[in-house]
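Those sequence lines, one after another, are chains A and B. For the first sequence, position 236 matches number 236 in the numbering used here, and the numbering has no gaps at all. For the second sequence, position 259 matches number 259 in the numbering used here, and the numbering has no gaps at all.
Among the hints, erroneous ones may be present.
Which copy is meant is left open, so a pair is good if it fits within one copy or across any two.
Claimed, not checked - DSSO-like mimics (lysine-lysine), calculated; alpha carbons at most 30 angstroms apart, straight line:
#1 LYS236 / LYS45
#2 LYS158 / LYS8
#3 LYS251 / LYS104
#4 LYS104 / LYS158
#5 LYS237 / LYS8
#6 LYS236 / LYS8
#7 LYS45 / LYS251
#8 LYS251 / LYS236
#9 LYS236 / LYS104
#10 LYS237 / LYS104
Calculated directly from the structure, the hints in this document are not laboratory data. If you're wondering where the values come from, they're calculated on a predicted model, not measured in any experiment.
One letter stands for each residue in the lines below.
Protein chains: 2
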Amino acid sequence: MLAEPRLKTYQQQIDARLDALLPSDSEPPRELARAMRYACLGPGKRIRPILTLATAQATREQEASLALDWGCAVEMVHCFSLIHDDLPALDNDDLRRGRPTTHKVFGEALAILAGDALFALAFEVLSTSGEACGILARACGARGLVAGEVEDLEAEGKDWGADELVRIHHRKTATLLGAACELGALSSAASLTLRSAVREYGQALGMAFQITDDLLNETANSEQLGKAAGSDRDRKKLTFPSVFGIDESRKLAEEWRDRALSHLAPLTGDVQLLRDLALFTTSRSA
Amino acid sequence: MLAEPRLKTYQQQIDARLDALLPSDSEPPRELARAMRYACLGPGKRIRPILTLATAQATREQEASLALDWGCAVEMVHCFSLIHDDLPALDNDDLRRGRPTTHKVFGEALAILAGDALFALAFEVLSTSGEACGILARACGARGLVAGEVEDLEAEGKDWGADELVRIHHRKTATLLGAACELGALSSAASLTLRSAVREYGQALGMAFQITDDLLNETANSEQLGKAAGSDRDRKKLTFPSVFGIDESRKLAEEWRDRALSHLAPLTGDVQLLRDLALFTTSRSA
Numbered sequence: 001m002l003a004e005p006r007l008k009t010y011q012q013q014i015d016a017r018l019d020a021l022l023p024s025d026s027e028p029p030r031e032l033a034r035a036m037r038y039a040c041l042g043p044g045k046r047i048r049p050i051l052t053l054a055t056a057q058a059t060r061e062q063e064a065s066l067a068l069d070w071g072c073a074v075e076m077v078h079c080f081s082l083i084h085d086d087l088p089a090l091d092n093d094d095l096r097r098g099r100p101t102t103h104k105v106f107g108e109a110l111a112i113l114a115g116d117a118l119f120a121l122a123f124e125v126l127s128t129s130g131e132a133c134g135i136l137a138r139a140c141g142a143r144g145l146v147a148g149e150v151e152d153l154e155a156e157g158k159d160w161g162a163d164e165l166v167r168i169h170h171r172k173t174a175t176l177l178g179a180a181c182e183l184g185a186l187s188s189a190a191s192l193t194l195r196s197a198v199r200e201y202g203q204a205l206g207m208a209f210q211i212t213d214d215l216l217n218e219t220a221n222s223e224q225l226g227k228a229a230g231s232d233r234d235r236k237k238l239t240f241p242s243v244f245g246i247d248e249s250r251k252l253a254e255e256w257r258d259r260a261l262s263h264l265a266p267l268t269g270d271v272q273l274l275r276d277l278a279l280f281t282t283s284r285s286a
Numbered sequence: 001m002l003a004e005p006r007l008k009t010y011q012q013q014i015d016a017r018l019d020a021l022l023p024s025d026s027e028p029p030r031e032l033a034r035a036m037r038y039a040c041l042g043p044g045k046r047i048r049p050i051l052t053l054a055t056a057q058a059t060r061e062q063e064a065s066l067a068l069d070w071g072c073a074v075e076m077v078h079c080f081s082l083i084h085d086d087l088p089a090l091d092n093d094d095l096r097r098g099r100p101t102t103h104k105v106f107g108e109a110l111a112i113l114a115g116d117a118l119f120a121l122a123f124e125v126l127s128t129s130g131e132a133c134g135i136l137a138r139a140c141g142a143r144g145l146v147a148g149e150v151e152d153l154e155a156e157g158k159d160w161g162a163d164e165l166v167r168i169h170h171r172k173t174a175t176l177l178g179a180a181c182e183l184g185a186l187s188s189a190a191s192l193t194l195r196s197a198v199r200e201y202g203q204a205l206g207m208a209f210q211i212t213d214d215l216l217n218e219t220a221n222s223e224q225l226g227k228a229a230g231s232d233r234d235r236k237k238l239t240f241p242s243v244f245g246i247d248e249s250r251k252l253a254e255e256w257r258d259r260a261l262s263h264l265a266p267l268t269g270d271v272q273l274l275r276d277l278a279l280f281t282t283s284r285s286a
C-alpha cells in the first residue's frame, strides 16, 4: 500500500481496536465469535476506518476520540457485506483476501449469522450518537449498500448501460466510503458544510476505487488479488471495462479521483493523507 | 387474539406506519422493496410493537410520539430474523404465518439481502436516539438474538439440558421482547428504574411466550400455527417439552407469566394492556 508512515500506525490501531470490540470466543456460542473474528480480523487494507481517522484528523475541531471506534463500526459493516456477498446464493466465492471465505470455513448458516452479528455490533459501537447510527444505516440499507448488491446481481447477463452501472457502483461502494468520511467529520464535531464536503470526497474516492477494482479484476492475476481474477467477465458482470473498455475506464477512474481531490478544498486541517489516499486509489496494483 | 379493543387500534396503526416506513417498489431495485414488504407486512400478531406502545402508555411521563416508530423498528428486526432463520442453510422452512417463506417467493439471494435491508432500516428509524440504537443492537447481536439462533442450531440432536435451553430461549426471544418494552419506556422518557422494570417484564413475558410456542408446536395442528406442526420434534430441537415434558412446561410458562406480572408493580400508569398481554401469552391457542 502507500508508504505513508501514518497508515501503518492507523492500521495497527484499527486492528487492535477491532480485536477488543469483537466478542471473544471464551463464552458460548464460541463458533459465532470465531466466525466474526475470522471475517473481520483477516488481512485487509482497512481503507474505510483509515478514511474515518484521516477525515477526523483533517476536520478536527475538537478531540476526535470517537473516530477509531466509529471507523471500526464501518469496517464491521464492510465485512458483514463481504460475508453475505460471498455466499453460494449470491456471488458464490470461495476465496477472499487470499483465504477461504467465511462460509467455506464455518458453513453457510454460521456465515449468515456472523454477518448479522457484525452488523448489530456496528450499531452497538455507534450508539454513542443517534446521528452516527443514521449515517451508517442509510448508507447500508435499501438505498445504499444492500440496494447496490441487489442490482449488481440483477445486472448479471443483462443489457444494462452506463447509468445503471454508475448507480450500482455508487450504492455498492461509494456510499459506504462517503459514510466512513462523514463519520470522521461528525466525530470531530465538524460543521455541516465540512461533513458534506468529506462525504462527497469519500463517495468520489469510492467510485475511483471501484472502477480500479473492476480494472484489476480484468488485468491483475489471482495471486495479486487474493481472489479469482477475471471472475467478473466469466460471470458476465456489469463492470466499467465491460461497458467503457479498459482505456476509457482508466480515464474515468482518474476523473473521479480528481473530483475527490477537489472536494478537499474547504478543509483547513491536515489533508495530506486524504490527498495521498485519493492518488493511491487509481495507482494501486491490488 | 385478545378481545382488547386497543389491540385492534394498535395493530392498524402499526401496519399503516410499517407501510409508510418501508421503501415503495416504485424505484429500483423494485424486487428488494417487494421482498421487504412481503416479509414485514404479512399477517402477524405485531406483539413486539404492541409491547412498545403499551409500555410507552404505561410509563408515560411525556408525549411518547416516538413509540410507534420505535415499535416498528423492533418489528423490522423481528421480520429480518425470521427471514434468515427460515433459509435453507438454517431451519429450511417453507411456510411462515400461513404463507410461503420469503426465500420461497423471492429466492435465497434476495431473501438474505431483504433481511439485511430491514435490519438497516430499523436502525435508520431508531436513529433519533443513540440510546435506542444501543438497546436494539445489544438485543440483536452476539449476546442476544443472533447468539440464540446459533445456539439453537448447535443444540439440534445434542444432549443439552435445562440451563442451555433457558439461555437459548432467553437470547432468541426474551431479549428482543425486553428491548421492545424498554424502548417504549425510553420513548416516554421514563426513569432508569422503570426502564429496567419493563425490560424484565418483557423478558419474562418472552420466556412464557417461547415456552408456549414450544408447547403449541407439539400440540396444535399446522392450520392453527400457519407453519408445520411437530417440526421441532422431527428436527430433534431442544425445546421445553423435550426437556421438561408437557405438564411441567405448562407450569414453567405460568411461572414466567407470573414473574412478568410482578415486574409491573412499580408502574403507576395504565398497565391493563400489559397485564392482559401477559395473561394472554400462556392461554393462546396459536
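Hint check results:
1. LYS236 / LYS45: Answer is within; shortest intra-copy Cα gap is 27 angstroms, inter-copy 44 angstroms.
2. LYS158 / LYS8: neither (42 angstroms within a copy, 46 angstroms between copies)
3. LYS251 / LYS104: neither (37 angstroms within a copy, 44 angstroms between copies)
4. LYS104 / LYS158: both (29 angstroms within a copy, 23 angstroms between copies)
5. LYS237 / LYS8: Neither, since 34 angstroms and 48 angstroms both go past 30 angstroms.
6. LYS236 / LYS8: neither (37 angstroms within a copy, 50 angstroms between copies)
7. LYS45 / LYS251: within (24 angstroms within a copy, 55 angstroms between copies)
8. LYS251 / LYS236: Within one copy only: 22 angstroms inside a chain, 59 angstroms across chains, cut-off 30 angstroms.
9. LYS236 / LYS104: Intra 24 angstroms, inter 26 angstroms, cutoff 30 angstroms: intra and inter.
10. LYS237 / LYS104: both (23 angstroms within a copy, 25 angstroms between copies)
When each numbered hint is compared with the structure, violations occur for hints 2, 3, 5 and 6.
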